[in-house]
Amino acid sequence: MVNSATFVIFLATHFIFGEGATHKDRCIDRCGFDYDSRYDCHCNSQCETFGNCCSDYWTICKAGGVVHTHHPQVVTVLPLGKYTGSETGIAQQLWDADVNRFGPADLKINLQGHTGRGPGSDHATSKLFTYVNVRKLQSPTYKTLLALWDNYHTSESQHESTTAQHQNEINAFLDAVMNTKVMQLAYSYLTTFKHFIGDQHAFKAKLQQLWFALYSRSSNGPKNSCGFEHIFLGEFKGSSVSGFHNWVRFYKLESSGRIDYKGYINKKEPFLIEFTFTWDGKWKPISSFFIGTSPEFDMALSTICMLTAPNRACKYTIQGQHFRIQTYDNTHVSGLQVASAYPEM
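With mature numbering (1 follows the signal peptide of the UniProt record, and there is no 0) applied, the sequence shown covers -20 to -1, 1 to 325.
Read the hints as simulated data drawn from the structure, not as lab findings.
Glycine included, each C-beta is placed from N, C-alpha and C at the ideal position.
Keep in mind that a hint or two might mislead.
Said to hold, decoys possible - Label pairs and their computed distance ranges (CB to CB): (1) Val313 x Pro265: 25 to 31 angstroms; (2) Ala144 x Val114: 26 to 32 angstroms; (3) His94 x Ser235: 29 to 35 angstroms; (4) Ser198 x Asp130: 24 to 30 angstroms; (5) Asn291 x Val79: 43 to 49 angstroms.
As the list claims (entries may be wrong) - With a cut-off of at most 27 angstroms between alpha-carbon atoms, the simulated BS3-like pairs for lysine-lysine come out as follows: (6) Lys248 x Lys264; (7) Lys184 x Lys262; (8) Lys232 x Lys217; (9) Lys186 x Lys174; (10) Lys262 x Lys107.
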């Protein structure tokens, strides 16, 4: 049935496109082919150097894509709108492609004691981060990420605005993110499975809308937040902390003495932690983030979940460890804007 949870199709590209068909703007049947001026884009390792890879190159040629020969194949497919990527291992593919991730030699943490969510439960006398290779923070996506931090007010009650300089910094960040294998893989995945239709310029605009469009967190309040601010920076909401799901932000604030780590609640080693902390004395009962992942990884995986299954928990696997990404749309305005997105166990 069309609305069944899963169905299996036998896919042979010559049945669909015609015997011997070629695709000037796709990598189906073209992985590893030499440069040919007749084609609009290319599908070999040199296209990475020259920046002229086809949009599906990362999925079909580099990430174990399933449609790249003329031989019939069995492909497990979910109905569009319900497909979150867990069945193709998209999270593992993004993880493997994340060359800007901080590995074991770049980052050390000290989890210390297991704790609960309640105030006063402090089972950590030391900082969470004991070592970070700060030189890696000079790479483009980290540098442009850090440049955005002073553009937002900490308090959720304060009005936000986007100046010309702010927009230039957003553009620089999105350009840096789009220029990574991770985000190219996300784009290729989303277009391959028809969760996004458009070229890379349109996809950058979609990221801007999802993550940086300002909105109100109440039905009649001022524009005081956006997905990027809420998730990558965190906000004050009265006496508590709202959002805050980025390890770089945590490390920087902890280093400056503004964050007090209280202990971990749950963990998926080596990449995911749920924990509790205070920021300038304001409590966050439970937060979570990926350890050491790049900004492009965090944004790519949450974007995939948001566009495939908004307001739901998408199931993924990395290194054999199962977890979920929970996303929420801002319902006060039309269209999709990220209200929140975070990993959970």
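Evaluated hints:
{"no.": "1", "hint": "Val313 x Pro265: 25 to 31 angstroms", "in the structure": "28 angstroms, holds"}
{"no.": "2", "hint": "Ala144 x Val114: 26 to 32 angstroms", "in the structure": "30 angstroms, holds"}
{"no.": "3", "hint": "His94 x Ser235: 29 to 35 angstroms", "in the structure": "24 angstroms, violated"}
{"no.": "4", "hint": "Ser198 x Asp130: 24 to 30 angstroms", "in the structure": "25 angstroms, holds"}
{"no.": "5", "hint": "Asn291 x Val79: 43 to 49 angstroms", "in the structure": "32 angstroms, violated"}
{"no.": "6", "hint": "Lys248 x Lys264", "in the structure": "20 angstroms, holds"}
{"no.": "7", "hint": "Lys184 x Lys262", "in the structure": "35 angstroms, violated"}
{"no.": "8", "hint": "Lys232 x Lys217", "in the structure": "21 angstroms, holds"}
{"no.": "9", "hint": "Lys186 x Lys174", "in the structure": "14 angstroms, holds"}
{"no.": "10", "hint": "Lys262 x Lys107", "in the structure": "17 angstroms, holds"}
In the structure shown, a violation is registered for the earlier hints numbered 3, 5, 7, in ascending order.
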